[in-house]
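Peer 1: Chains as they are written, first to last, in the working numbering: chain A, 1 to 306; chain B, 307 to 788.
No lab work stands behind these hints: they were computed from the structure. Take these hints with a grain of salt, some might be off.
Said to hold, decoys possible - Simulated DEER-style distance windows between Cβ atoms:
hint	chain 1	residue 1	chain 2	residue 2	range
1	A	R172	B	K700	53 to 61 Å
2	B	E528	A	V191	36 to 44 Å
3	A	K3	B	E526	15 to 23 Å
4	A	A281	B	A763	53 to 61 Å
5	B	E703	A	V191	52 to 60 Å
6	B	G564	A	K3	54 to 62 Å
7	A	E251	B	L739	39 to 47 Å
8	A	V191	B	G564	22 to 30 Å
This structure is a prediction, so every number in the text was calculated from the model and none was measured. For every residue, glycine included, the Cβ atom is placed at its ideal position computed from N, Cα and C.
Listed below are the residues making up each chain.
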Amino acid sequence: MFKIVHAQFLAPGIKRFVLQTPRIARKQKPGQFVILRIYEEGERIPVTIESSDPARGTISIVVQSIGKTTQLLNSLQTDDAIADVVGPLGKPSEIEAFGTVVVIGGGVGTAMAYPSAAALKRAGNRVIAIVGARTKELVILEQEMRAVSDALLITTDDGSYADKGFVTDKLRQLIENGTRIDLVLAIGPIVMMKAVAEMTRKEKIRTVVSLNPIMIDGTGMCGGCRVLIDSKSQFACVDGPEFDAHKVNFEVLVQRNAMYREAEQLSLADYQRGLAEKNAASKNAARAGVPREVEQSCIIAQGGIK
Amino acid sequence: MSPAATKSLNPLSPKERIKVPRQLMPEQPPDERNKNFNEVNLGFDADLARQEALRCLECAKPTCTDKCPVGVDVKTFVQLIVAGDFLAAAAKMREANVLPAITGRVCPQEDQCEGSCLLSKKVKPLGIGYLERFVADYEQRVGIQFPPKAAPTGKKVAVVGSGPSGLTVAGDLIQKGHKVRVFEALHEVGGVLVYGIPEFRLPKQIVREQLDAMREMGVEFETDVVVGRTVTIDELMNEEGYDAVYIGTGAGLPQFMGIPGEHLNGVYSANEFLTRINLMKAYKFPQYDEPMLDLHGKDVAVIGGGNTALDAIRSALRLGARKAYVLYRRSEAEMPARAEEVHHAQQEGIDFQMLTAPVEFLSDGKGWLTGARCVRMELGEPDASGRRRPVPMKGSEFDLPLSVAIMAIGTTANPIVQTTTPGLGTDKRGYILADAEKQRTTRKGVFAGGDIVTGAATVILAMGAGRRAAASIHEYLTTGEW
Ligand SMILES: Cc1cc2nc3c(=O)[nH]c(=O)nc-3n(C[C@H](O)[C@H](O)[C@H](O)COP(=O)(O)OP(=O)(O)OC[C@H]3O[C@@H](n4cnc5c(N)ncnc54)[C@H](O)[C@@H]3O)c2cc1C
Ligand SMILES: Cc1cc2nc3c(=O)[nH]c(=O)nc-3n(C[C@H](O)[C@H](O)[C@H](O)COP(=O)(O)OP(=O)(O)OC[C@H]3O[C@@H](n4cnc5c(N)ncnc54)[C@H](O)[C@@H]3O)c2cc1C
Ligand code: SF4
Ligand code: SF4
Ligand code: FES
Numbered sequence: 001m002f003k004i005v006h007a008q009f010l011a012p013g014i015k016r017f018v019l020q021t022p023r024i025a026r027k028q029k030p031g032q033f034v035i036l037r038i039y040e041e042g043e044r045i046p047v048t049i050e051s052s053d054p055a056r057g058t059i060s061i062v063v064q065s066i067g068k069t070t071q072l073l074n075s076l077q078t079d080d081a082i083a084d085v086v087g088p089l090g091k092p093s094e095i096e097a098f099g100t101v102v103v104i105g106g107g108v109g110t111a112m113a114y115p116s117a118a119a120l121k122r123a124g125n126r127v128i129a130i131v132g133a134r135t136k137e138l139v140i141l142e143q144e145m146r147a148v149s150d151a152l153l154i155t156t157d158d159g160s161y162a163d164k165g166f167v168t169d170k171l172r173q174l175i176e177n178g179t180r181i182d183l184v185l186a187i188g189p190i191v192m193m194k195a196v197a198e199m200t201r202k203e204k205i206r207t208v209v210s211l212n213p214i215m216i217d218g219t220g221m222c223g224g225c226r227v228l229i230d231s232k233s234q235f236a237c238v239d240g241p242e243f244d245a246h247k248v249n250f251e252v253l254v255q256r257n258a259m260y261r262e263a264e265q266l267s268l269a270d271y272q273r274g275l276a277e278k279n280a281a282s283k284n285a286a287r288a289g290v291p292r293e294v295e296q297s298c299i300i301a302q303g304g305i306k
Numbered sequence: 307m308s309p310a311a312t313k314s315l316n317p318l319s320p321k322e323r324i325k326v327p328r329q330l331m332p333e334q335p336p337d338e339r340n341k342n343f344n345e346v347n348l349g350f351d352a353d354l355a356r357q358e359a360l361r362c363l364e365c366a367k368p369t370c371t372d373k374c375p376v377g378v379d380v381k382t383f384v385q386l387i388v389a390g391d392f393l394a395a396a397a398k399m400r401e402a403n404v405l406p407a408i409t410g411r412v413c414p415q416e417d418q419c420e421g422s423c424l425l426s427k428k429v430k431p432l433g434i435g436y437l438e439r440f441v442a443d444y445e446q447r448v449g450i451q452f453p454p455k456a457a458p459t460g461k462k463v464a465v466v467g468s469g470p471s472g473l474t475v476a477g478d479l480i481q482k483g484h485k486v487r488v489f490e491a492l493h494e495v496g497g498v499l500v501y502g503i504p505e506f507r508l509p510k511q512i513v514r515e516q517l518d519a520m521r522e523m524g525v526e527f528e529t530d531v532v533v534g535r536t537v538t539i540d541e542l543m544n545e546e547g548y549d550a551v552y553i554g555t556g557a558g559l560p561q562f563m564g565i566p567g568e569h570l571n572g573v574y575s576a577n578e579f580l581t582r583i584n585l586m587k588a589y590k591f592p593q594y595d596e597p598m599l600d601l602h603g604k605d606v607a608v609i610g611g612g613n614t615a616l617d618a619i620r621s622a623l624r625l626g627a628r629k630a631y632v633l634y635r636r637s638e639a640e641m642p643a644r645a646e647e648v649h650h651a652q653q654e655g656i657d658f659q660m661l662t663a664p665v666e667f668l669s670d671g672k673g674w675l676t677g678a679r680c681v682r683m684e685l686g687e688p689d690a691s692g693r694r695r696p697v698p699m700k701g702s703e704f705d706l707p708l709s710v711a712i713m714a715i716g717t718t719a720n721p722i723v724q725t726t727t728p729g730l731g732t733d734k735r736g737y738i739l740a741d742a743e744k745q746r747t748t749r750k751g752v753f754a755g756g757d758i759v760t761g762a763a764t765v766i767l768a769m770g771a772g773r774r775a776a777a778s779i780h781e782y783l784t785t786g787e788w
């Protein structure tokens, strides 16, 4: 069991957890992830490590409610525990002095891009961060990103905060302004990463994306996480998760991530039915607190990483 | 020792023994068992076991023992069954084999002990595997008796990987008084025994009881540790104070064929397919959260002819598949799977398409598998493995409609430990170099064995390597000599 030292919502449906995982805290590098399993009957899901504190023996992760497992996770609170947390997995991000690097985070991808942005800054790069979200309250880690970048550009799809538009609009502006860009790191929804890749391919700007296929073991044993890179199968958990964006076959990634949609929806419906029953029961018992958190965790159930 | 070990208690003359037929293993009827995950073989009772044991000729030079990779003293343990002293029989077996309940079920006996049994010259060989399983199950029912533990030595050993090889090392060294901690990457211990081999062949309860017994003896298990990533071998030795390390990480990485369409939804590696079922219990969805594709009424094929292939396709059948095919590019004679499994699979209604291989997976245009384009093969000249090479026959292409295809064409070395341990020598294929006698690697204090040294092999070979390693680790820890 791994203790949740601290848990707090950053935005509706997006929660940060600080976990007691001394071994992982000592070894984590930007770009790596953990695989966790909440309880005995649970599935194993991968989540990027946002930061680690080797002295305290903790790591932090940021989780967006998507389906059953992430909703269940986001209903957990400080002092709860998670059955299994294993890592750090995957290759660390390549951190070098590239020159000017544009780091793009879409939605919860911002939390996944943050540790790499910070490391790239420490390595002496000029970091331009672009953060995109659907709406104002889903903009996360604004302060943190600002602290590690030379410029921070924010967009919201609905224009409720900062500039209306997509992260690619900002990237296009940078390119059109003649900004010299040596590397783009883009992490977020697949459609976003694909759009970024198309744009930078024409400009011949080196671009790295972090892929999020379905995983089980995370050690290269099952082959379930295979992605098509330059028409060859690679295992995202050991060969990635970061890959050259211009070699990724995004269609195959989208297609494979949809493999269990029916079962996932069934699982989610079951879970929410159970919650509703519990909620009703606890309202009767006039217990406050818990259900509110749970409600929050469900708000953007269907919105996340597609 | 029981007198039976020296003087035969067998009342039958050799001629009479040959006349006793090989006793049949009671089993679930094929039409029932292909719908459930319960064990196929039900096991001998004491009467069947004694009847079978009576057939042993008690050879002066028992070839059965020579051909057993760990040298089980078959003749003596079988004599003890005849004598009715099943616990003594179990103790005898344990001298050479620490996991008899498992090997009795999964050893390829036809290539080993039974394959060289003298009886097989005239009649069917002695059912050594069945007897081994009987004694082990009997012992497990009354409670396994381990020899007393030696006094603590103050030495610490780390075992990496909890497959049969690592477990054997842990079991042997804890008895010698060393402190032993097993590190496992997954959330459950047991290696292929828990995530690969299905319940209907090896009930997980059997493995669990072995593990419980080891815990009781003081072996510590730490799951969720990927050595190489979570902690390195050097850190274990230099910072955590381990005096020796044993690497038994198995040959876990699945191979694909590299043919078009392998990324389609519906194409699995056998490892993923079996892991979803055995480790993640996807067949109990939605009680368990891990999903898998619904196989009811679907046509499923496995590509390959080993134990893994048969385990996968027989699982698919149990999950409701309408047609379940084995596509194997050579002929039945070359199939590496255990003979009993091939026989069981045939009884259960698996359709074996021999001398057949896919060349492409077909799609519905939306990313889902609809079938495999296959070719028929004929056998040509022997290849490097000594088996005749399959050669595609011109014009033999045909399309086989399928919803799910499972690739079981072999595995490669798991590289995580090798690439994070400086100075650890590997061979061309990436397997760890270890000497055959003492399982020593090129790094002082580091030993290795099982599939990560030999390439994918068998439970008993992994165990045998563990035995040798435990003995030489003990020697190293007590003498300091490398
Ligand atoms: C390397 C990596 C890092 C990730 N980092 C983060 C992160 O920092 N924060 C975060 O919120 N999310 C992250 N994800 C995504 C996260 O793993 C999925 O959102 C989660 O698994 C969904 O599970 P669910 O049961 O809630 O949803 P489900 O209803 O099961 O699935 C919804 C969608 O999530 C994806 N998914 C489902 N199961 C898995 C699985 N076992 N592995 C991967 N994807 C799956 C599929 O695309 C699916 O269609 C990461 C994924 C990867 C591969
Ligand atoms: C489906 C299937 C059916 C089989 N059927 C038979 C059969 O009927 N008869 C037979 O004799 N053999 C059979 N085999 C082969 C047999 O199971 C293997 O030869 C045997 O398990 C090898 O044992 P091992 O201890 O070397 O490794 P494994 O059993 O593979 O165990 C290795 C363990 O190490 C762990 N690990 C890997 N890397 C790390 C790391 N870096 N850190 C920590 N832990 C790690 C793995 O998760 C795993 O638990 C079968 C294999 C499969 C896959
Ligand atoms: S361990 Fe395997 S080979 Fe040896 S006697 Fe037992 S079944 Fe036969
Ligand atoms: S070879 Fe066969 S008959 Fe001879 S001792 Fe061994 S099991 Fe008995
Ligand atoms: S998750 Fe199993 S191989 Fe990558």
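Peer 1: Now tell me if each hint is right for this structure.
Peer 2: Okay, the hints, checked on the actual structure:
At roughly 54 Å, the beta carbons of A:R172 and B:K700 sit within the given window of 53 to 61 Å. B:E528 and A:V191 have their C-beta atoms about 41 Å apart, which keeps the hinted 36 to 44 Å range intact. Roughly 20 Å separates the CB atoms of A:K3 and B:E526, a value that falls within the hinted 15 to 23 Å. In this structure the hint that A:A281 and B:A763 lie 53 to 61 Å apart at CB holds, the actual value being about 55 Å.
The beta-carbon spacing between B:E703 and A:V191, approximately 38 Å, falls outside the hinted interval of 52 to 60 Å. Checked against the hint of 54 to 62 Å, the pair B:G564 and A:K3 fails, with Cβ atoms roughly 45 Å apart. For A:E251 and B:L739, the Cβ-Cβ distance of about 42 Å falls inside the hinted range of 39 to 47 Å, so the restraint holds. In this structure the supplied range 22 to 30 Å holds for A:V191 paired with B:G564, their Cβ-Cβ distance being about 29 Å.
This entry does not satisfy hints 5, 6, going by the numbered hints stated previously.
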